[in-house]
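Can you make the complete structure from the sequences, with help from the hints?
Chains as they are written, first to last, in the numbering used here: chain A, 10 to 167; chain B, 6 to 350; chain C, 34 to 536.
Treat the hints loosely; a few may be bogus.
What the hints assert, rightly or not - Partner residues aside, some chain B positions facing chain C, computed with beta carbon under 8 Å:
id, residue
1, Ser62
2, Ala97
3, Thr101
4, Asp131
5, Ile132
6, Lys204
7, Ile206
8, Gln209
9, Pro213
10, Tyr234
11, Gln236
12, Asn241
13, Glu264
14, Asp268
15, Ala312
Simulated from the structure, these hints should not be mistaken for lab results.
For glycine and all other residues, C-beta sits at the position ideal for the given N, C-alpha and C.
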Amino acid sequence: MSNLAKHGIASAVALIFAIVFYVDSFNLPKDAASLPRILTWIIIILSLAMFAEAFYKERKKAKVTSDPALKADETDEPQDRIHVFRIFVFAALIVIYVALIEPLGYFIVTPLFAIGALIYLKSTKLWKSVLIAIGFTVFCYFLFVAFLKLPIPMGLLS
Amino acid sequence: MKKTFLKKVVISGLVLSLALTLTACGTTNQASTASGSSTQAASNYPTKPITVLQGFSAGGGSDQLAQMTEPYLQKILGQTFVNQYIPGATGAIAWTQLARQTKSDGYTISITNTPMLMTNYLMSSDIKYNIDQLTPIANVLTDPGILVVSKDSPFKTYQDFTNYAIAHPGQLTIGNSGTGGDDFFSILQWQKATGLSLKQIPFQGDGPSWQAAAGDKVQASSTNLGVVYSQVKAGNLRALALYADKRSDLLPDVPTLKELGVDMVAGSSRGYSAPKGIPDAVKKKLEDAFAQMAKDPAFQKGLHDAALPADIKIGDDYAKYLKDQETTFKSIWDSVKEQVAAQKK
Amino acid sequence: MNNLMMGLLNVVSPFNLLAVAAGTALGLFVGAMPGLSATMAIALLLPVTFGMDPATGISMLAALYMGAMYGGSISAILIRTPGTPAAAATVMDGYPMAQQGRAGKALGVSLTASLIGGVLSSIALLTIAPLLGKAALSFGPVELFAIAVLGMTIIGSLSSGSPIKGILSGVAGLLIAMIGMDPISGVPRFTFGTMYLFNGVSYVVALIGLFSIPQALRLVEKDDGSQKAALIKDRMLPTWKELKSMIVTILRSSVIGIFTGLIPGTGGDTACWFGYNEAKRFSKEKEKFGTGYPEGVAASEAANNAVVGGALVPTITLGIPGSSATAILLGGLMVHGIMPGPTLMTDHAQITYTLIWAVMLSNIFMFLEGLVFTRAAVSVTKVPNKVLAPIIVILCVIGSFTINNSINDVFVMIGFGILGYFMDKLDIPTAPMVVGMILGMMLDNTMRQSLLMSSGKWSIFLSSPLSTILLIIALLSLLQSTPIFAWLKKALFKKNAPQLGGK
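Here it is in structure tokens:
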């Protein structure tokens, strides 16, 4: 995705965020709505400015691509290749993990998440992954439940 | 390196199996109590620790009550209390959980604070519990409202204060602990009773409110006796009137509003409630425990030392008290609501 | 003086020493765990102290507070996850240092700065507390508004690169802070019908998400196995020369920390940013901040440890908690049957002076225990990135859950985490958003309280000398980031130069 398109999406998100708050502010007493409304206007202006800035930079860049000095800059990028798909899967794992904590319980889902993530990321050998996952869960249990007596979602174990 | 790693493996394995056994034991225990007939369970009550939901953070006023009562209740009932802090929405998150999601077996109760217990749902339609969904067990203390000014204030007496309010209608600035809090309602009640009007400045809690008065940022503050007792005692604040039935033996020189010709009593109280529909035997047992605790001189001394006036109301008395308060706050809020609505754009 | 000696004698009794040492150690550990803040640790430990002598119990809690303030920087530096919100500014330069293989040095600088900040604030507590305590009452809504405005100017200095993006992030933070029950009008704002949002979005929860989750995601982005040479052999503590170069910053931050602690309603969470900002403002090498500059770490850490003594000043002289952690300390005193208030220093002098000495001693324990603990903690950098990433996630999840005992907080944390990742990709800084969220409520509340008091007249903000001065400083720092200032400076400097030469 081009830099400009990314900024376009970001500006749009910021705009929607501001507009939702702006509209909702009409349900409030005038006094409570005043500062939030000013803030939404600032966000609207700044998100447009951010897009304009990105647009301006893009154009400047496009003009000088023939410049050999800047070409070197671009060849740098592939070196830093990012595993987009891996990030996506890892983020998805996190979301599933968090969603299941309440129904199943922290001490059931946590080792599963850890094992799953460690195996998917090929972090280390399988048996080590299992040990790390279980060991860390036990550590959390003793620290938070046994020692600090904090309530942790137990799910099926309760 | 490898050896230590293996060692760690063995230890963590042992620890894990131990943990699993323990949790397994916990589950079987719970299962057996649940399967026992409910009447038997009720008469044996309590057979396991009682959870107390607290709608405020640890270390706050609600927690203070818990720490002062639970050691005595524990002795009487022979079971421990587990405090669970669920702060948020001035207690509403905990109370919604109590009213709507808690098993009515008496093993989960909550500390209920007035007026927040009622004003929460009176003021916001998003809050869906009400006191009819609760079984009030006992009120423990009521911290009466008090009117304070800075030690350098020109208001030496309550009369000075009212004279100024008469001469400058709507000008006198008075701090409260937040719109919708007990002090906010006390001031409204006072305005209604006297026909005078003040300029309320809401703060986030009692502390900032009296501190603003002590620093001469606002001309007065309406707060609670327990909150400012030591400040009044040390002379940082001057108390003009107490919103209680009779004078407090902590500050015997401070007149009550009733003496001064204003017929009102206001304050914030803290007690315990259970969800609706707990077995009668359980209710009886809890109420008796509170009644017994109230007689304990050590408990009474503890409250007195903390400048918190005991106000024991058991069972139906407490229920009636809550209901009366609900009616009072509803009528006050309904009259204010129109003003607030008018303020909206 | 008698009380002073008695307190000292009291604190050096073996049991009290043990309590202070244990409290500090626990603070270091808990502080390093994301989500477990000093405030929470004190609340958790409070019941444990009920069985103790009041002086011992309270001393232990104060020691824990001190320890946690340093502890927070350990995870901030090593895994870019502030252990406590008060260490958020430490991330700015601490983590880049760790990335460059200077984790040991960063932690050493942090520990030294924490020690100096803590000791200075203890001295202030011991000597001029009654004098300083009175100052706490001079902060009303008008003055607090000026502080919030001054705080907002920090956003400018945090948005290196594109000022537009920095300010956007900060203003968005402010707007998010508006969510929740509004204490002034008594109506919920932007809660969209959910009761969960009545308390607003906790900046502590958002902070964990914004800083840590993007970090966890970044760790798995690439294949290099990590091992950024954690040179533990490298000298941890700064050399005398290094210390000398940043002593001015540390002293400045300490004073800032003491005063931020003193003001009711602001604590370490704010102080670290103020300390960082002022260090940058006065630095000759502004551009080095944010790239792994030891002074940035020192500025933030000296400030947050100085808060401990500062926050205790109004707590013991007036019974006004200077921060949320000291509010719980006060609650603890009440349970022990001691009425917190102005009588604390006279009626309960024994407890108070024991407490003060305990705070002083906890600095020394913090330093010694910190050296040991940190050495162990640095080994975190040897853990492969791909193992570290899931572990960071697990810690963040449990940490954000325990703050309010709410699963919704975990969802919010993850939401901010994903947001933070995208913000990073677009070079939108996340730190201004955190600052905005911390200061938002204060800004809105105090502004409206002041305007209520003045019947809508804005001139009230210039009615007090304190707020006028603060607002002028805010204006200056705003101008400083615009070209006008550079031009003015040039013009003035040209005029002044000959005069200076003449002298």
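Hint-by-hint comparison with the structure:
At its closest, the beta carbon of Ser62(B) sits 7 Å from a beta carbon of chain C; the interface hint therefore holds under the 8 Å criterion. Using the Cβ-Cβ criterion of 8 Å, the hint placing Ala97(B) at the interface with chain C is satisfied: the shortest such distance is roughly 6 Å. Of the supplied interface hints, the one on Thr101(B) holds, with its beta-carbon coming within about 7 Å of a beta-carbon of chain C, less than 8 Å. For Asp131(B), the shortest C-beta to C-beta distance to chain C is roughly 6 Å, which falls under 8 Å, so the interface hint holds.
Hint status for Ile132(B) relative to chain C: holds, with the closest Cβ pair at about 6 Å, below 8 Å. Residue-level restraint check for Lys204(B) holds (minimum Cβ-Cβ distance to chain C is 7 Å; threshold 8 Å). Because the beta carbon of Ile206(B) sits about 5 Å from the nearest beta carbon in chain C, less than 8 Å, this interface hint is met. Taken as an interface hint, Gln209(B) checks out: its beta carbon lies about 5 Å from the nearest beta carbon of chain C, inside 8 Å.
About 7 Å separates the beta-carbon of Pro213(B) from the nearest beta-carbon of chain C, less than 8 Å, and the hint is met. Interface hint status for Tyr234(B): upheld, as the beta-carbon distance to the closest one in chain C is roughly 7 Å, under 8 Å. Because the closest C-beta pair between Gln236(B) and chain C is about 6 Å apart, less than 8 Å, the hint holds. The criterion of a C-beta within 8 Å of any C-beta in chain C is met by Asn241(B), whose closest approach is roughly 6 Å, and the hint holds.
Nearest Cβ of chain C to the Cβ of Glu264(B): about 26 Å, over the 8 Å cut. The hint is violated. The closest approach between the C-beta of Asp268(B) and any C-beta of chain C is roughly 26 Å, which is over the 8 Å cut-off, so the hint fails. Because the closest C-beta pair between Ala312(B) and chain C is about 6 Å apart, less than 8 Å, the hint holds.
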